[in-house]
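If you read the sequences in order, they're chains A and W.
Everything in the first sequence is counted per our numbering, starting at 1 for the first residue and increasing by one.
Everything in the second sequence is counted per our numbering, starting at 1 for the first residue and increasing by one.
For the record, the hints were derived by calculation from the structure and aren't laboratory data.
Small disclaimer: the values here were computed from a predicted structure and weren't measured.
Please note that the accuracy of each hint is not assured.
[Stated by the list, open to error] Here are the computed lysine-lysine pairs in the DSS-like style, where the Cα-Cα straight-line distance is at most 27 Å:
| hint | chain 1 | residue 1 | chain 2 | residue 2 |
| --- | --- | --- | --- | --- |
| 1 | A | 17 | A | 113 |
| 2 | A | 17 | W | 380 |
| 3 | A | 107 | W | 130 |
| 4 | W | 43 | W | 416 |
| 5 | A | 113 | A | 125 |
| 6 | W | 43 | A | 20 |
| 7 | A | 134 | W | 549 |
| 8 | A | 134 | W | 468 |
| 9 | W | 386 | A | 17 |
Single-letter residue listing:
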Amino acid sequence: MTEVKVTNLSKSFGSFKAVKNLSFQVSRQEVVCLLGPSGCGKSTLLRCIAGLEIPDGGTIEIGGEEVFNGDSGLNIPTESRNLGMVFQSYAIWPHMTVFDNVAYGLKVRRSSKNEISDRVQKALKTVKLEGFEKRFPSQLSGGQQQRVVLARCLAYSPRLLLLDEPLANLDARLRDEMRFELREIHEKTRTTMVYVTHDQGEAMAISDRIIVMNEGTIIQIGTPHQIFEEPSHPFVARFMGDNNVLEGFVSVFDSCTVAVDVPGLGSVRCRGPASRPGSASISIRSKHIVLSQKRPDGENTFKGIVSRSVYLGDSIEYSVLVGETSLRVKSLNTSIRFMPGEDVWVQLNIENLRCFLEGSDGKG
Amino acid sequence: MERVNSKNIIWTLTVAAVLIINVYPLFWLLWGSFTGPEGFTLKYYAELFNKADFGRMFKNTWVYALGSTLLALAIGIPMAIAVTRTNMPFKNFIRLGSTIAFVSPPWLNAMAYIFLFSPNSGFVNVFTDKYLGFKILNIYSMTGMVLVSGLFLYSYVFITVSGYLESIDSSYEEASVVSGASKLSTILRITIPLARPSIVTATIFSLIMSWGMFATPAILGIPVKIYVFATEIYMLLNSFPPKIELSAVVAVIFSALAIFIWFLSSKLSRSEDIGKYVTIGGKGGKKIEIDLGPYRFLMAGGGILLIFSALIMPYLIVLLMSLSKTWFFELSWNNLTLANYHYVLFELSNLWIYLKNTLVLAVTVSLGVIVIGTVVSYIKVRTRIKYRRHLEIAAMYTIIVPASAFVIGIIWTWIKPPLVLYGTLWLIFLGQMSRSLPFGVRNCSDGFQQIDVSLEEAARACGSTWRKIMTSVTLPLMKYILLGTFVLTFLSSARDLLTPLFLAAGSAKTMTLSVAIYYLWGETRIGESTALSIMLILLTLIIYLPLQKVLERSTDLDD
Chain A
1 MTEVKVTNLS
11 KSFGSFKAVK
21 NLSFQVSRQE
31 VVCLLGPSGC
41 GKSTLLRCIA
51 GLEIPDGGTI
61 EIGGEEVFNG
71 DSGLNIPTES
81 RNLGMVFQSY
91 AIWPHMTVFD
101 NVAYGLKVRR
111 SSKNEISDRV
121 QKALKTVKLE
131 GFEKRFPSQL
141 SGGQQQRVVL
151 ARCLAYSPRL
161 LLLDEPLANL
171 DARLRDEMRF
181 ELREIHEKTR
191 TTMVYVTHDQ
201 GEAMAISDRI
211 IVMNEGTIIQ
221 IGTPHQIFEE
231 PSHPFVARFM
241 GDNNVLEGFV
251 SVFDSCTVAV
261 DVPGLGSVRC
271 RGPASRPGSA
281 SISIRSKHIV
291 LSQKRPDGEN
301 TFKGIVSRSV
311 YLGDSIEYSV
321 LVGETSLRVK
331 SLNTSIRFMP
341 GEDVWVQLNI
351 ENLRCFLEGS
361 DGKG
Chain W
1 MERVNSKNII
11 WTLTVAAVLI
21 INVYPLFWLL
31 WGSFTGPEGF
41 TLKYYAELFN
51 KADFGRMFKN
61 TWVYALGSTL
71 LALAIGIPMA
81 IAVTRTNMPF
91 KNFIRLGSTI
101 AFVSPPWLNA
111 MAYIFLFSPN
121 SGFVNVFTDK
131 YLGFKILNIY
141 SMTGMVLVSG
151 LFLYSYVFIT
161 VSGYLESIDS
171 SYEEASVVSG
181 ASKLSTILRI
191 TIPLARPSIV
201 TATIFSLIMS
211 WGMFATPAIL
221 GIPVKIYVFA
231 TEIYMLLNSF
241 PPKIELSAVV
251 AVIFSALAIF
261 IWFLSSKLSR
271 SEDIGKYVTI
281 GGKGGKKIEI
291 DLGPYRFLMA
301 GGGILLIFSA
311 LIMPYLIVLL
321 MSLSKTWFFE
331 LSWNNLTLAN
341 YHYVLFELSN
351 LWIYLKNTLV
361 LAVTVSLGVI
371 VIGTVVSYIK
381 VRTRIKYRRH
391 LEIAAMYTII
401 VPASAFVIGI
411 IWTWIKPPLV
421 LYGTLWLIFL
431 GQMSRSLPFG
441 VRNCSDGFQQ
451 IDVSLEEAAR
461 ACGSTWRKIM
471 TSVTLPLMKY
481 ILLGTFVLTF
491 LSSARDLLTP
501 LFLAAGSAKT
511 MTLSVAIYYL
521 WGETRIGEST
531 ALSIMLILLT
541 LIIYLPLQKV
551 LERSTDLDD
């Protein structure tokens, strides 16, 4: 069952196109992350769903009901969309107690006194803040404030919860903790969530599906596993952690492999049929690059020189210069260490290479 | 797109109010100066320029304004730097004293300095004449006017510059000290250039304020026929028959000059830079303290002397004058009396009308300013309505029009049908509104900018309507700013002499306490006039002090 359906949505600020003709759907009870670098339009998109920004065109449906339609001019105001929203700045009202903050949505909905009290208790219990009702926000830690905001949204059981970088203001340790708690809260309440973040780790930990965005467009939609293991676009490969992305040209191709000439490196053989020559990008994770002293057997071996070597305890990180190309290499074998200036052999295993051909979505 | 009608109604009413209060009178001022019975004419301009004493008045105005401003800058800037950036003792005393000096009635110092330096009977002059054989100063002179006005205006310079320096993070200066600069050269190379925008602002507005100042040049200048712009307008209005066209011409000339100077200065100071150095959260942050060595006592001594001569001594002298039997105080118990207070309280026939007028005006103007100020700044900060910038300019521009010029526009606007308000309290209300509105808009805008917009968006997302958001989130968060604006407007209305004097049309029905004080002084009823001044001060203190406590407590809650 579809909870959110966005079709051909666009939004500009002056001449800057923040969101360009986007379409996607979110299923009921699903957690979907909008992931991308800052300025990619993900927050604008979320604010359009909330009704805090008025899009230039397209349609938005929530729970099967149209809330925005650029053609007919329909725009249901935010307060009538029955949403919850968590802001990066928390937006806890400093002049109200925790209880009043959490009860606000219920009071606005004119719930009875008993119901308000019950639901506030239940929401505070969900976020593990029982007993904090009488405190003022200034008496709470950052993590506790974050929980108040969640409880405030959960108290009136909105059909959709929108979260705009909710963990960005927390310190690293607390952020890791809250990731799992958010997931737990979702297990308990099964509220549909749309979650904006620029942190791929956060997106992986929290979401059922991830929508990767860049420059106002959707680059890839998929499960965390798909996004991580099978990026369909060099941008996704680059954005999702420590991938080396090399640019080159297809020189030779047949039905199952492609040879890509990477300037300054050489010819790299990859999987995947290509129907025509053209530009291509190759990505490989730094942990998948194998270093050895002697030339190994097999394809895609290159001679390089170690330019940097950093011991990190459970791994060693290298920069290796092959021709004019610098490769990032992560070696889990800490018993051998190459030092800067040493010659090494680099092997790019064909199993771990992904090849993206220009002009296709990369899947073909 | 917005369905909410109440919002649109409020917007429309506010725009109409701003236009009527601030823009409409400017139109009539121009109209009044350029039209005669025969239509468009320049004859009033010609008549003014041909008037024998116009050149002298023009020169006097400049000498007076520049002199007061320079004196104010020379005192105010070093004090502001000393208080915000050095280890001078008695900082809080100097800060508090300057704030009170700024909100004090403007005629107090003039009265007190007459007591000291009146040519024949001034306390100091008599003393030095007797023992040293010469008189120090004739207060009824341009020098006297500049001295007394400068001693008031410095407080404005001090508040502007020190407030600005407070808000600037002192890490800029620390970086300079770390780089090896001495602390003195840090002040010269970093602090003063950083404070430049506030110094430019203080200079321009001191100049414009001194053009608008009436009490001091009236009390010290009119008796010896030294006229400046504000007193010239007053004389034109009070001549027989009133030369209201000429007063409009004078007002137009000085308004145009003020606006021209303001434009020039905003070009010079590149006013868009002003916000650039201000870092948020610098409040209460630790500031660099420059060690003045033994000079810190010299500086503090200067500061204490300043507060003494600008605030404490004038208050004490006016208090003594109000308790004296004779014109000038003699140091003897026999000379003390409460007769002046008795007269003011029980024999002054219209006292209760004056008091009621004063309070009615102060309360209605303050309420009007916070209502219109809130809506205008909400539109400015929170909406994307077209022309919101124009609305802000319309509400704010009166700050750069000299006060005594704008009241002429108000007279022109409401003196003739269809709506004759001349001679009613309404006119004074409108005049004070236009004077205080810019401060209200500025305070409220600061307030809205401090409130993170997501606090309101969160309430919307929770399902709250606009009206409910205003009453449950925005206005409660703004309440201390609104209260502060109310208090400041109340004080400035209660001590305002110029607006009610120019607009009261001489009728007791529309007179305020300040006008009564001025008239009593003019009748040389010195004791009664000063007694009424003391009562007005007490009245404002009774209202100000409890609210001041609340305001102070509110700043604790913020942290």
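Outcome of the hint check:
| no. | hint | result |
| --- | --- | --- |
| 1 | 17(A) <-> 113(A) | 46 Å, violated |
| 2 | 17(A) <-> 380(W) | 25 Å, holds |
| 3 | 107(A) <-> 130(W) | 80 Å, violated |
| 4 | 43(W) <-> 416(W) | 22 Å, holds |
| 5 | 113(A) <-> 125(A) | 18 Å, holds |
| 6 | 43(W) <-> 20(A) | 64 Å, violated |
| 7 | 134(A) <-> 549(W) | 26 Å, holds |
| 8 | 134(A) <-> 468(W) | 23 Å, holds |
| 9 | 386(W) <-> 17(A) | 21 Å, holds |
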